[in-house]
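Q: This is what each chain is made of:
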Amino acid sequence: MSRYSAFSLLRGALTGQRHWQPAWRDPEPKSHYDIIIIGGGGHGLATAYYLAKVHGLKNIAVLEKGWIGGGNTGRNTTIVRSNYRLEPLHNLFEFGLKLWHGLSDELNYNVMFSPRGAMFLGHSDADMVKLAERGDAMRCDGIDADLLTRDQVAKLEPLLDMSRDARFPIQGGLIQRRGGTARHDAVAWGYARGADSLGVDIIQKCEVTGFVRDGDAVVGVETTRGRIGAGRVGICVAGNSGHVAGLAGLKLPIESQTLQAMVTEGVKPMINSVIMSQSLHCYISQSDKGGVVFGGDPDNWPSYAQRGHPMVMEGAVAQGLALVPALSRLRMVRTWSGVTDMSFDGAPIIGETPVRNLFLNGGWCYGGFKATPASGYTYAHTLATGKPHALNAPFSLDRFERGATIDETGSGPMPNSR
Amino acid sequence: MMRIPCPHCGPRAQSEFIYERTVDSVVPLNAPPEEAMTKLFTRNNPRGVDDEVWRHTYGCRAWMIVTRHRVTNEISGCRAIGPEALP
Ligand SMILES: [Zn+2]
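So the protein sequences, as listed, match chains A and B.
Residue numbers for the first sequence, in our numbering: 1 to 418.
Residue numbers for the second sequence, in our numbering: 1001 to 1087.
The shape of chain B in the complex, shown without the other chains:
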């Protein structure tokens, strides 16, 4: 099990979180059809580091971007997204 450093709650057990999707597959509302298609149906899927959207579902319920290595599971970053991340 991983320990994910929630930007709001601190390090918490992975079982409190749910993986949503990768950052490269978040579709902007104004994306043209081709871009939407690519983002919905394809992934970079690297055998290395990628940015992922996770949600602290059984905690603060906030969404966040976790930067994680896909082989070692090492988490090198976790930052908040959404209005609470605004200055």
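Chain A with its partners taken away, still in its complex shape:
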């Protein structure tokens, strides 16, 4: 693999840029791999990359039913942050945020990570107390968080409706300045290129249709491109976890739901940070291309359809317009939706399953994109050693029956919590 650099671009300029090579191979599947990862999204590709890079394993395949990065990696709002209240969550996401800050260098691929600040809005006294508490919890673990006054919020985002009779009055905010956005496709492509150059086989258009069992263990997978043997198999298909785990006879604490997002036409810079409101469930940011990206609640019923319902979209738009009235002048050019694994405590699931040699990484709810590096790094540890990583140990599948849920919303151990 040739390194990308300013010099290679300049050299290419002299030869009409004819030096470009495919960034990864298109290999035929082998008959056996030490580790098979099901799912070629950001998480699966990152897992393969760290398995090869950190653990020195070479005989690895990533199986993808469509094309890499074509699922939820390409269907999110690209927000990156680690501002969670509970320790297991903010420690996992903070580990990831640190990786994000060096990711373009690590991969020699520009993932366009832009730490422009991720800000929660507070709309009431109660909101401000909650934000202060969250910020304190983060700072106790060395994670940056600054409580903002109403004036500070207004200065940072002049287009917010700060009037006293606004539909959602703004009292202040909590900002994580190291948070921001990144380019979704580049994350998948960068990890794919890195993993491929370390010997990982990335096999696209290869859907897993079943598991090969030997007693209580999984020893391979049936795919649309034939049977492939494996020492260990890692499911990494968030959105479709219920379906794929179902092929192994597992019933998960997950319900699949559709989450929509949308983008306006490109305009000059108007949104400086990532604006979020958890009281409303609304998030707004502006892409480097100028489009204002925003999203809202999931469609609150089970669905594997990668398309959403207009009535939910209407709700998201109404919230966005109430917060930033200037958005009403923009045309919406594109909407999309991803299938998300909604787990029952709102936290991901990473670790062993009751089936030997079969591992699970899923349940990412709305929060998978930002976790890509941390998810891959810790899942690689689990797949390589067969044991939990210190950061993913709290997210084991059996935490529900043990009553050890990780309940960020503080609503108690309720099924259907989301």
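Because the hints were derived from the structure by calculation, they are not lab data.
Incorrect hints may appear among the rest.
[Claimed, not checked] Here chain B is said to cover these stretches of chain A; the calculated rule only asks that three of the stretch's residues, wherever they fall, bring their Cβ under 8 Å from a Cβ of chain B: (1) 95-109; (2) 252-264.
[Stated by the list, open to error] Every beta carbon over 10 Å from chain B, so not counted as near; a handful from chain A, in silico: (3) Phe7; (4) Ala13; (5) His19; (6) Asp26; (7) Glu133; (8) Gln152; (9) Ala186; (10) Glu222; (11) His281; (12) Pro302; (13) Ser303.
[Unchecked claim] Subject to a maximum C-alpha distance of 20 Å in a straight line, what follows is the list of computed EDC-like cross-link-like pairs (lysine to aspartate or glutamate): (14) A:Lys251 x B:Glu1034; (15) A:Lys205 x A:Asp216; (16) B:Lys1039 x A:Asp398; (17) A:Lys251 x B:Asp1024; (18) B:Lys1039 x A:Glu401; (19) A:Lys251 x B:Asp1050; (20) A:Lys58 x A:Asp26; (21) A:Lys251 x B:Glu1035; (22) A:Lys268 x A:Asp216; (23) A:Lys65 x A:Glu207.
Ideal placement from N, C-alpha and C gives every residue a C-beta, glycine not left out.
Chain A is fixed; fit chain B with the ligand onto it per the hints.
A: Okay, now just chain B with the ligand, sitting in the frame of chain A:
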């Protein structure tokens, strides 16, 4: 948006309904702990047809079981539950 054929009111817009849970997660009052755990915290979640409990909240307020395909949204059945469904 889907159109849900309420057994009492006929076909109505989905915005009048609220999804509650799947039928496989309804816990019988006399369920032993293990069964209750499984039903509370796990779902079949098929990428296909499943039975779901919906409520016509902004209509007749009755509960019903909707049989729906999770990818196409095709509704192949909707039947009443509760005392009014008794013969
Ligand atoms: Zn009705």
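Q: Give a verdict on every hint.
A: Now for the hints, and whether the structure bears them out:
Using a Cβ-Cβ cut-off of 8 Å, 0 residues of the stretch 95-109 of chain A lie near chain B, which falls short of the minimum of three, so the contact claim is violated. Counting residues of the stretch 252-264 of chain A whose CB lies closer than 8 Å to any CB of chain B gives 5, which reaches the minimum of 3, so the coverage claim holds. For Phe7 (chain A), the condition that its CB be more than 10 Å from all CB atoms of chain B holds, with the nearest at approximately 48 Å. The claim that Ala13 (chain A) is not at the interface with chain B holds, since no C-beta of that chain comes within 10 Å of its own (minimum 47 Å).
Here His19 (chain A) stays apart from chain B, with its beta-carbon at least about 43 Å from theirs, past the 10 Å limit. No beta-carbon of chain B comes within 10 Å of the beta-carbon of Asp26 (chain A); the shortest separation is about 27 Å. Every CB of chain B is more than 10 Å from the CB of Glu133 (chain A) (nearest about 28 Å), matching its label as outside the interface. Every CB of chain B is more than 10 Å from the CB of Gln152 (chain A) (nearest about 39 Å), matching its label as outside the interface.
Every CB of chain B is more than 10 Å from the CB of Ala186 (chain A) (nearest about 29 Å), matching its label as outside the interface. Every CB of chain B lies more than 10 Å from the CB of Glu222 (chain A), the least distance being 17 Å, so the non-interface label holds. Against the 10 Å criterion, His281 (chain A) stays outside the reach of chain B, whose nearest CB is about 17 Å from its own CB. Under the 10 Å C-beta cut-off, the non-interface status given to Pro302 (chain A) relative to chain B is violated; the minimum distance is some 6 Å.
Distance to chain B contradicts Ser303 (chain A) as a non-interface residue, since its nearest Cβ pair spans about 6 Å, not more than 10 Å. Note on Lys251 (chain A) and Glu1034 (chain B): the hinted pairing holds, with a Cα-Cα distance of about 14 Å set against a maximum of 20 Å. The hinted pair formed by Lys205 (chain A) and Asp216 (chain A) fails the criterion: a straight-line CA distance of about 29 Å is larger than 20 Å. With a C-alpha separation of about 15 Å, the suggested pairing of Lys1039 (chain B) with Asp398 (chain A) holds against the 20 Å cut-off.
At roughly 11 Å between alpha-carbon atoms, Lys251 (chain A) and Asp1024 (chain B) fall within 20 Å of each other, so this suggested pair holds. For the proposed pair Lys1039 (chain B) and Glu401 (chain A), the alpha carbon gap of about 11 Å is at most 20 Å, so the pair holds. Restraint check: the Cα-Cα separation between Lys251 (chain A) and Asp1050 (chain B) comes to about 14 Å, which is no more than 20 Å; the hinted pair holds. Of the supplied pair hints, the one linking Lys58 (chain A) and Asp26 (chain A) holds, its CA atoms being roughly 16 Å apart against a limit of 20 Å.
For a cut-off of 20 Å, the pair hint linking Lys251 (chain A) to Glu1035 (chain B) stands: about 13 Å separates their Cα positions. Note on Lys268 (chain A) and Asp216 (chain A): the hinted pairing is violated, with a Cα-Cα distance of about 58 Å set against a maximum of 20 Å. This hinted pair checks out: Lys65 (chain A) and Glu207 (chain A) have alpha carbons roughly 4 Å apart, not beyond 20 Å.
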